[in-house]
Amino acid sequence: MTGPAAVDVRGLRHRFGDHVAVDGIDLQVLPGEVFGLLGPNGAGKTTTIRVLNTLLPAQEGEVLVFGHDVRRAQTAVRRLLGYVPQQLSIEAALTGRENVSWFARLFDVPRRERRARVDGALEAMGLLDTADRLAGTYSGGMVRRLELAQALVNQPALLVLDEPTVGLDPVARGGVWEHVEKMRLTTGMTVLVTTHYMEEADAMCDRVAMMHLGRLRAVGRPEELRRSLGPGATLEDVFRRETGNTLDGEEIGKGGLREIRRTRRTAGRVG
Amino acid sequence: MRSAALAGLPAASAERPEPPALWRTFPSRTATFCLVELQKLSHDRTELFTRAVQPVLWLVIFGQTFSRIHAIPTGSTSYLDFLAPGIIAQSGLFVAIFYGIQIIWERDAGVLSKLLVTPTPRAALILGKGFSAGIRALAQVVVVLVVSAILGVALTVNPLKIVATFVVVMLGSAFFACLSMSIAGIVLKRDRLMGIGQMITMPLFFASNALYPLAVMPPWLRALSRVNPLTYEVNALRGLLIGTPANYPVDFAVLIAFVIAGVTTASLLIGRLAR
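Chains as they are written, first to last, in numbering that gives the first Met the number 0: chain L, 0 to 270; chain G, 0 to 274.
Since the hints were derived computationally from the structure, they do not count as laboratory data.
All C-beta atoms, glycine included, are put in the ideal place defined by N, C-alpha and C.
Heads up, some of the hints might be wrong.
Said to hold, decoys possible - Calculated from the model, a selection of chain G residues having no Cβ within reach of chain L, i.e. all distances over 10 Å:
| # | residue |
| --- | --- |
| 1 | Pro19 |
| 2 | Phe61 |
| 3 | Val215 |
| 4 | Met216 |
| 5 | Thr263 |
What the hints assert, rightly or not - From the structure, some residues in chain L lie toward chain G, with a derived Cβ separation under 10 Å:
| # | residue |
| --- | --- |
| 6 | Leu55 |
| 7 | Val64 |
| 8 | His67 |
| 9 | Arg78 |
| 10 | Ala92 |
| 11 | Phe106 |
| 12 | Leu133 |
| 13 | Met141 |
| 14 | Glu146 |
| 15 | Val170 |
| 16 | Arg172 |
Claimed, not checked - Just so you have them, the derived chain L footprint on chain G, three or more residues with Cβ under 8 Å:
| # | stretch |
| --- | --- |
| 17 | 102–113 |
| 18 | 243–251 |
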């Protein structure tokens, strides 16, 4: 490997009061790969990426993004990131173009490049024709693509997506992945994505890490993980073997009401 | 077509040009947030009208009635003239004091997380938000100024003084927006912020010289008014708009000091919302 890893997590532990959300994980994401962090609600995925993107302070352990320490070099880390949170986080009272242009300014895109970069990001997400409509009129899938455009206008070295397809209908989910994949092929950026949809991770990720109750249970290429269990096995089966649990249903109780509520709210807003 | 567009998005690189200097980041972020606020206002102007109702009622009903009965001694200045700058400051206060609700909404919608992950120092984010509350207040102020002129208030026509009026309203609103965002960072919930906002608005308004001069206040109220930034805002506005004596260096210094304190406090508390 030449140069630093896109993400290098060593011994990360994070607690909220008495609750240990992330319980000592080690994780390396290589430049240019699509890396999936899989697990049910409450597994610690969102906490991990919120430490990595500087929203939460790293309590214990070390986290480097392209060699920059999230503790000491927050601004350097932020300048490399594109981040799409779980919620549908657009400003509904602005047009699509204004939403992207806003983030272009916040990422210090030089004035002379701004228009081209904003249009380029909108075009890449298939939103150029609807760019001057208020974002409040967009469908759920369009909102997600607009958020991707907001992140991409920074030309991020690392794109961090937290449950990008939650609450979307199957067609919109496919559309989001298709656009992410196209951007990755074009720009060579690294993508770190959390999801609890195993079949999506299987199809889209170069490598996955399975997370359960704050710990990593298995890391590898999806096909390797499946093969290790035998013919016909799915990632879902691998997850069950590693954790003794299914991805939905009974385990959600441990997921924390706040996170479930957030997921439901997102799903509700997507309609 | 596609490939041409993608040419605008060259290979992702972990190498970045030097970041802009901090002294450029602050004005640039402030301008960005003000621009976004103007864009929002331009798409939905209903708030301009709904929010104009209350100050207009104060001027038309309260102002005209009290002008007639001469209950409040304002010297050679008519009471309506005396009141108009107070109502301008009040409409800025009312816009700004609930501004924290927007921050909580942005937290719930995930927008705040995204803003905090951009290379924007928290103080620059808060300053930008504070002045964008000022932009919203200014839209209000223009309406109140026009209504005042129609009612015959002897307003200045000096463009420099009008510009200075806008600066004073921006500073005052920025402080109250910072106060509101600080409370948001402490209580973290919309309904609690609503309650506290309701609770402190009227005391801030009544314990100031917006409705009556300091001279007629009982000593305890006068003491409170002297530590209330709204008093200094009204003082400056009254001097600029209707020419009453004002101590501008003190008024501006107090407002700027409150803005700096407000930005500092709010930026220390805002991270609590993102956890």
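Hints breached by this structure: Violated hints: 1, 13, 15, 16, 18; rest satisfied.
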